[in-house]
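S.K.: Residue numbers (our numbering), protein chains in the order written: chain Y, 97 to 536; chain Z, 97 to 536; chain S, 97 to 536.
Do not take every clue at face value.
Identical chains share a label here; the pair holds if one copy fits it or two copies do between them.
[Claimed, not checked] Listed below are the simulated SDA-like cross-link pairs for lysine to any residue, each with C-alpha atoms no more than 20 angstroms apart in a straight line:
| id | residue 1 | residue 2 |
| --- | --- | --- |
| 1 | Lys315 | Asp470 |
| 2 | Lys315 | Ser127 |
| 3 | Lys392 | Ala513 |
| 4 | Lys392 | Gly319 |
| 5 | Lys392 | Ile257 |
| 6 | Lys315 | Gly202 |
| 7 | Lys500 | Pro213 |
| 8 | Lys392 | Ala283 |
| 9 | Lys392 | Ala509 |
| 10 | Lys500 | Ser206 |
| 11 | Lys392 | Thr417 |
| 12 | Lys315 | Val389 |
| 13 | Lys315 | Lys392 |
Note that these hints are calculated values from the structure, not bench results. Small disclaimer: the values here were computed from a predicted structure and weren't measured.
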Amino acid sequence: MTRMKCISTAGLAGLAVAVTLAPALAQDAASAVPADSAYVFNSFSFLVTGFLVMWMAAGFTMLEAGMVRSKNVAMQCTKNIALYSIAGLMFWVVGYNLMYDGVDGGYLGSFTPKVIPDPESDPGDYAAASDWFFQMVFCATAASIVSGTLAERIKLWPFLIFTAILCGVIYPIQGAWQWGGGWLSEAGFSDFAGSTIVHSTGGWAALTGAIILGSRAGKYGLGGSIHPMPGSSMPLATLGTFILWLGWFGFNGGSQLALGSVVDASSISRIFVNTNIAAAAGVVAALLLTQIVYGKVDLTMALNGALAGLVSITAEPLAPTPMWAIVIGAIGGVIVVFAVPLLDRLRIDDVVGAIPVHLLAGIWGTFAVPLTNDGTSFGTQILGIVSIGVFVSVVSGIVWLLMKATIGIRVSAEEEADGLDRSELGMEAYPEFGQGTQRV
Amino acid sequence: MTRMKCISTAGLAGLAVAVTLAPALAQDAASAVPADSAYVFNSFSFLVTGFLVMWMAAGFTMLEAGMVRSKNVAMQCTKNIALYSIAGLMFWVVGYNLMYDGVDGGYLGSFTPKVIPDPESDPGDYAAASDWFFQMVFCATAASIVSGTLAERIKLWPFLIFTAILCGVIYPIQGAWQWGGGWLSEAGFSDFAGSTIVHSTGGWAALTGAIILGSRAGKYGLGGSIHPMPGSSMPLATLGTFILWLGWFGFNGGSQLALGSVVDASSISRIFVNTNIAAAAGVVAALLLTQIVYGKVDLTMALNGALAGLVSITAEPLAPTPMWAIVIGAIGGVIVVFAVPLLDRLRIDDVVGAIPVHLLAGIWGTFAVPLTNDGTSFGTQILGIVSIGVFVSVVSGIVWLLMKATIGIRVSAEEEADGLDRSELGMEAYPEFGQGTQRV
Amino acid sequence: MTRMKCISTAGLAGLAVAVTLAPALAQDAASAVPADSAYVFNSFSFLVTGFLVMWMAAGFTMLEAGMVRSKNVAMQCTKNIALYSIAGLMFWVVGYNLMYDGVDGGYLGSFTPKVIPDPESDPGDYAAASDWFFQMVFCATAASIVSGTLAERIKLWPFLIFTAILCGVIYPIQGAWQWGGGWLSEAGFSDFAGSTIVHSTGGWAALTGAIILGSRAGKYGLGGSIHPMPGSSMPLATLGTFILWLGWFGFNGGSQLALGSVVDASSISRIFVNTNIAAAAGVVAALLLTQIVYGKVDLTMALNGALAGLVSITAEPLAPTPMWAIVIGAIGGVIVVFAVPLLDRLRIDDVVGAIPVHLLAGIWGTFAVPLTNDGTSFGTQILGIVSIGVFVSVVSGIVWLLMKATIGIRVSAEEEADGLDRSELGMEAYPEFGQGTQRV
């Protein structure tokens, strides 16, 4: 089913009240949530689930701050608070209307800022501002994915320019195809909360960036050797994962786009259960697999297993039974355990594992939708995966290459060795610890 | 009053609408929350308060990561994300129905997975999935308590096996006695949000584990000497405490089990106030007492004072006036200040102070219910405390002893000295700091 | 418009239902949110937005723990959990009623504890306890502001005594003038969510404290030299900022004081948008300005830019269009970039930058209200800014000077050099890292 901003089951419930005249149905109609109450429920749901997704920006920040070396931690924090801010501005200036304003089966909406109506004249089944807020934090999530992969060697300002283009143009256009009611939604593609539209989009942008930017100095040696560069703080990475897990209840639950009816409330509840159980299965799969394959459990794999389980269930968190959610999430966890070393063998340097988690598990989750949702087909799912993948990769690639050829996207070798905190920011993340203590 | 999953005041409110015919009551009935709106309120309340309790898993993780030494931090993070995952799976596979399905005055429900109905046919006063989610995070909380006490020397997999048994069998069975409508609820026991059912249960499991596992190497010397082993990060421990405090509003507030009526909304609000004020009193009591007794304020006592205040008010957060909430919470704080050194004198090694906080303050809070709730008696409260204590201790003890005799539950002395991060996980939590820098 | 606790648009909506008799309006009245449903919405809104503001206490703690040196981190954590606790107690004992009970155009309410009614007899348009909870966390926020500025040299207990006076007397009295319906509200002053009443109040108390307490040893040298004292953990400071940003949705959104009507739901949604966009503009302004002025981006300026944007929009988050919100927030970010070094030139030592963020941006935001809200005037805005500023500064100054003359407010030079963690608490925040490792 299409997920357009102006069609919600709350609206259908309101319709039911108006249409129902037969005595047999009178009681049901009488017990339906009144229209104004439904408006409040729907709007408040956008706000609550939206603030949970906003909180994911902090989750990405902590995850990435924990996974980079201490000499790049302050820069990673800078990039993350900056990207969330830029996403919020760009999605108002141009992104929202490009994604949602009059797409009507086509390829994009209008290049105009979003108008936020006065509360006294705010039409529809929910507050327009609540919907904008909810959609904005999704856009910010896509941008967050890129920052982790490219950490420790990309320059600050080129990264932020890319973020502005991603949030203002790339993300909204491919989003318009589906959630804006464009051609892909008419073709029958299904991506409930954004395994492809948010996570794979961020993942493709990250992958093209990683290839064009190149790996960190010293990461890959002669003869295929790989040098581990362990992250500076496992508790912060774990905290970030828990924040993301919490935020995902908003991400998937809020994507029901309505709360103001019994069916909506029950659907969101079911989404919460499937979201949690898929993440749990991703963790357990990663724990068991690393124990079996490597003889030791790996915490970063467990964390990424949780995230991969979450990404996997995001394309269809409503239809599966809990048993199916376990299967879908566990396969996400398995993907991560095998894909992280595979990327290293391909010498694609992904600092936090965002490509396995968001791109590959996103593809898996999108592909798996027809397993539990009868209204979809593998053919249209692949159509959506490929078309969005090609669009995002090509446009992202052009932007990265243009910037590489002009302003440059990579810090110098000396700056990289010194750490971006000192070279680009002129500060230390931990001036009294670790790298910091060696110089103070 | 019993807290069964299928009896909520929302249901009673709905009944009132149906029954009320007398003109004098017509206006009240007309203004009552419509049934479908109540369904949405009740379900959304479970989801919101449930995600707050889910967030407590991150709180325990940060608290414990901050209270263990740096060489065991990554392992503590691993155990926590694993236990939350395992709890979520086991409570679906067997826990929920064992606790709630047809207990009917008896000792346990059925050994079957929980069926999550389709949103289109989800009966009752709330979404079944929202209730499952809410109950599941409670089960996870009980498991979180154990991990802190046994930190720094228990092996990963035996701990996780215990977690699976605790969440799948031990917690649900004793929960069935009361919240499932079993024999203890029929006897008149009262435990509103789980001072005994969640916190003491976790505490008894932790205590038996601590005794059977033994203390950390070097903790207790000859002649009764005690060697302090300060935690690696006080800000993370403080963050964890704030997360738990925040989550507790969901823990206690959501235990009203309904939001969809004026009385429910007012009750939850009152519970928020009492929960906050009891925690505040626990902090202030611990601050004053440590200043008086030791001449210096102790941060870890203040943090545990907050938690003890929270545990203390959990058995009855609705009936007390704020003045009573202050008394109940402050006594919780006092218990912690005296019980932490007492446990050390008994040479029971509880790394984070979970036994004073969750077991002892849980007993106190449960015992104190008749002080403010007229419908209860000290006799039945003691019956509940003792019966659940004996059951959980005996079964937990058997499980610990069985594992000790077979697969072993404790790492080797060398592994313990080296730290579990390096020996069991093969990684460092802070590879550039502290213990890490000495080896890299 | 006055923001009194007993006048809400929900109440007006209820009134509309009762008054409306004309057939033309019958349909609107029929679709209005029923009174009991509105009661639940309003109460639940206070609880949800209130727990977000409560969470800000953790945000201040992390921000400050990250901005002080490692030898003072545990003390900063201690002060923050203690101040939140004391605020919660004092606002019940005397603060709430002093601020809200029978002010009636005057200067203060009554010196009595707040009575929390039984849920069965809880009158009004929302649960009384939910309102108390929401107002309490605002009071705690004002106290949090002070702790950051005075960090690293103020004694624990004098700080806590000041906190008790601030929360019990100073904050409630000036709050009574406006939100309690006192003389300032009658004069036409407008401060929607507290740029002046919460943030500048905390800022004035911090400024007088900083002047009377003096700067940290070694901060300012001869000839106007300024010695940077970088904070110990940038990721914790960033986490704190994200927590505060999240909490601010509750701070501003909840200040609508009602959710139970279409207009309320739409208003809160608009407030979320403006709050987010003003913060984003503050970040981007600080990033650009530090790049231009200093040639390097400064993370702490970006973080404080976010907070300054948030404080700036707090006085009027509803009326502005997004474009105006960008302007108002960006100017907040600019203020911070220029005011932080200015304070240093004045040798006023503000450890975390709370005076620029909360006091100066608070003044700016309050002054700017008439730019977008036609019902206000610059004259009455200045009246409010000045009258509250004078009151808080004079009373705070008297309290600080009295304590300085009696019990003393500053630790000794040796204690300061040693760090408050070791000297006042007898512990280390990071016993294995940084300062800690040098001594263990």
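S.K.: Does each hint fit the structure? Answer for all of them.
M.R.: Hint check:
no. : hint              : in the structure
1   : Lys315 <-> Asp470 : neither (45 angstroms within a copy, 60 angstroms between copies)
2   : Lys315 <-> Ser127 : neither (63 angstroms within a copy, 64 angstroms between copies)
3   : Lys392 <-> Ala513 : between (31 angstroms within a copy, 18 angstroms between copies)
4   : Lys392 <-> Gly319 : neither (26 angstroms within a copy, 39 angstroms between copies)
5   : Lys392 <-> Ile257 : between (41 angstroms within a copy, 16 angstroms between copies)
6   : Lys315 <-> Gly202 : neither (44 angstroms within a copy, 62 angstroms between copies)
7   : Lys500 <-> Pro213 : neither (41 angstroms within a copy, 53 angstroms between copies)
8   : Lys392 <-> Ala283 : neither (46 angstroms within a copy, 49 angstroms between copies)
9   : Lys392 <-> Ala509 : between (35 angstroms within a copy, 19 angstroms between copies)
10  : Lys500 <-> Ser206 : neither (29 angstroms within a copy, 63 angstroms between copies)
11  : Lys392 <-> Thr417 : neither (32 angstroms within a copy, 52 angstroms between copies)
12  : Lys315 <-> Val389 : neither (23 angstroms within a copy, 35 angstroms between copies)
13  : Lys315 <-> Lys392 : neither (23 angstroms within a copy, 28 angstroms between copies)
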